[in-house]
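Number of protein chains: 2
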Amino acid sequence: MKVHNFNAGPSVLPKEVLKKSAQSVINFNDSGLSLLEISHRSIDFLEIIEKTTLLVKRIMNLNDDYAILFLQGGATLQFSMVPYNLMNQKAAYLDTGFWAHNAIKEAKKFGEVIVLFSGKNKNYTYISKNYHIPCDMDYFHCTSNNTIIGTQMKIFPQTSTPVVCDMSSDILSRKLDFSQFSLIYASAQKNISSAGMTIVIVKKDILGKFKKTIPSYMDYKIHIQNNSILNTPNVFSIYTSMLTLEWIENQGGLSILEEQNQYKAKLLYDEIDKNHLFENKIHKENRSNMNVSFFLKEKNLELEKEFNKICKKENIVGLDGHRYLGGYRASIYNALPLESVQFLIEIMKKFEKKFS
Amino acid sequence: MKVHNFNAGPSVLPKEVLKKSAQSVINFNDSGLSLLEISHRSIDFLEIIEKTTLLVKRIMNLNDDYAILFLQGGATLQFSMVPYNLMNQKAAYLDTGFWAHNAIKEAKKFGEVIVLFSGKNKNYTYISKNYHIPCDMDYFHCTSNNTIIGTQMKIFPQTSTPVVCDMSSDILSRKLDFSQFSLIYASAQKNISSAGMTIVIVKKDILGKFKKTIPSYMDYKIHIQNNSILNTPNVFSIYTSMLTLEWIENQGGLSILEEQNQYKAKLLYDEIDKNHLFENKIHKENRSNMNVSFFLKEKNLELEKEFNKICKKENIVGLDGHRYLGGYRASIYNALPLESVQFLIEIMKKFEKKFS
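Listed in order, the protein sequences are those of chains L and Y. Be aware that the first sequence starts at 1, since it is given in this note's numbering, and climbs by one per residue. Be aware that the second sequence starts at 1, since it is given in this note's numbering, and climbs by one per residue.
In case anyone wonders, no lab produced these hints; they're calculated from the structure. For clarity, every value in this text was computed on a predicted model and none was experimentally measured. Honestly, I wouldn't trust all of these hints.
When chains are identical, the list treats them as one kind, so a pair holds in a single copy or across two.
[Said to hold, decoys possible] Taking lysine-lysine pairs in the BS3-like style, the calculated list, with each CA pair at most 30 Å apart, reads:
{"#": "1", "residue 1": "K211", "residue 2": "K129"}
{"#": "2", "residue 1": "K211", "residue 2": "K281"}
{"#": "3", "residue 1": "K350", "residue 2": "K274"}
{"#": "4", "residue 1": "K211", "residue 2": "K105"}
Using the sequences plus the hints, can you model the full thing?
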């Protein structure tokens with residue numbers, strides 16, 4: 001059965017990754033044991049973590065100034081871990097969507113938060129470039145992609161303040177100068193792996209600048225000292241990440257994926273802009289290449305039901321908009337085939353023809 | 001290839017659980033999607049979390065006073081979450097091993113810790129029953145099983161103070177009156193599921209007794225309000241837990257498993273006690289039914305090498321003692337077949353015959 005999976009996360013992963021990942025649950029590396037049954041301190045797993053670390057660095061072109069951590073707790077735990085480790089007194093945040101907003105809420109529990117820009121009063125449909133980072137900030141925090149409504153930061157500020165970025169929904173989808181960031185975090189369940197794992201990429205020299213009592217699990221330095229096995233990590237998700245990273249290299253790396261992602265996104269936005277029934281509400285320069293939201297131009301329950309029915313019949317899943325917004329959202333991550341985007345466009349065209 | 005898996009965690013899981021779990025990674029419930037690709041807010045996953053919750057409550061005979069949470073971060077994150085939520089001023093701890101010791105270290109970051117008993121000066125080889133819990137403690141914390149050296153608490157104190165218990169390495173292995181605990185936590189990678197998930201069982205009325213600013217991910221009340229999907233949980237591990245819990249019910253529940261575990265442990269301890277080459281150093285009344293540690297009576301590197309060689313040849317894995325202790329440790333969790341214990345005993349007998 002061919003299913004077109006537009007889920008926002010957990011979301012589509014490459015078929016060959018899933019096949020190898022499933023095989024490892026039965027018999028890992030012909031060991032006669034399941035991957036779920038091997039010690040996280042075994043040579044086999046230490047090799048996995050080493051290889052995964054190397055792949056992240058190579059694909060993102062990062063040097064040894066950076067540590068790569070494989071943690072748990074999702075971006076939500078990072079919302080607290082970042083200020084726990086980096087906020088001495090105050091930090092600057094961009095409020096560019098629901099998750100950015102939550103990051104701010106958590107940071108406020110640790111110190112003073114200066115919100116440099118908020119898109120809230122415009123329903124987060126655009127991201128300003130006109131903000132100034134004061135020089136006395138401990139760090140600057142931004143969210144590269146707003147999964148819910150579908151905006152994406154295309155440029156990042158040039159600043160001597162450490163830049164912290166939540167890349168949960170667009171990591172590994174485009175080529176960037178990643179060395180402009182001091183800390184990047186991303187939950188795995190979009191472009192990386194199964195849910196329950198967070199990759200944290202941290203420039204080691206930003207840590208330990210001031211004294212603070214930190215719970216061990218919340219302390220990046222302790223995780224670095226322990227090479228991500230302070231305690232038992234999410235072995236399965238880390239292994240599956242390794243498979244996805246290998247797949248990314250086999251595809252040709254981030255430049256190629258970026259081209260493919262831009263092409264898929266352009267096709268879909270072009271259709272939405274042309275189609276008389278649908279619209280996208282995002283400022284063009286902030287449209288996300290990962291999450292494409294669209295709405296019926298006129299609120300029409302009958303038409304909505306009709307479109308939902310067609311999607312269901314055609315095995316298009318995960319197209320519902322976020323529960324806070326309604327409408328539709330096509331999440332078109334790395335592993336979503338071009339054919340699925342083309343198929344959705346065909347459906348939208350037919351729908352327009354019939355009901356416009 | 002038949003492998004005898006004595007790993008301490010991640011560790012052996014039932015074969016039928018692994019088979020279904022692997023199948024779900026390819027095609028979950030005939031949906032045409034992998035379990036790794038479905039939304040954690042989909043009806044399918046909400047059913048999994050509901051069923052898993054019900055199974056935990058039914059198997060452990062817990063009523064609706066308790067909430068069941070599926071979190072991330074392992075027991076190590078719980079070492080901080082417990083005092084974050086429950087410590088107003090001071091709490092009482094038992095220091096019965098490496099992990100108990102770490103729990104104490106973390107709790108000290110939050111308030112005053114009264115250590116009622118420490119087995120440290122006797123290398124944690126016994127657990128005292130002669131301690132008194134002062135009446136002004138916010139809670140009492142204990143670790144039911146010391147995975148590293150292999151001790152186990154057989155009785156728990158009768159007290160009006162809330163009892164918090166880290167059951168990571170013996171949860172679901174025996175029948176207890178679980179209603180004597182106010183909070184139980186256990187990382188999944190021993191008797192439950194794949195690594196990267198922690199089950200927390202909490203009596204709701206112990207929460208919110210005092211005001212404290214808590215990072216959202218660290219706040220049990222917020223997780224309860226959000227039914228464990230405040231953010232994306234470890235979908236795969238929760239599903240695999242459900243399969244293990246179903247397997248436990250099919251085995252006949254905790255009384256049956258307890259009998260089996262006692263029988264397996266008795267066979268092995270009897271052999272160690274009889275065998276002229278090996279010894280177990282734990283006080284008999286505290287011997288763990290999950291982790292059986294043993295050592296060569298005389299330090300003899302040649303003999304050690306010989307035994308390791310035989311184990312390797314016979315596909316016995318995970319028998320190395322903890323890196324802090326050396327020696328041997330057979331972890332004989334629920335899913336370890338009786339045959340594996342019998343096989344190990346045969347090997348030990350042959351070894352004795354040859355080298356004694």
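**K211 and K129: within-copy, between-copy, both or neither at 30 Å Cα** = Neither: 34 Å inside a copy, 39 Å across copies.
**Message:** As a check of your reading, is K350 near K274 (CA-CA no more than 30 Å) within one copy, between copies, both or neither?
**Reply:** within (13 Å within a copy, 80 Å between copies)
**Message:** My question is about K211 and K105: at a cut-off of 30 Å on alpha-carbon distance, are they close within one copy, between copies, both, or neither?
**Reply:** both (23 Å within a copy, 18 Å between copies)
**Message:** Within, between, both or neither: how does the pair K211, K281 come out at a Cα-Cα threshold of 30 Å?
**Reply:** neither (46 Å within a copy, 42 Å between copies)
Hint check: violations occur at hints 1 and 2; the rest are consistent with the structure.
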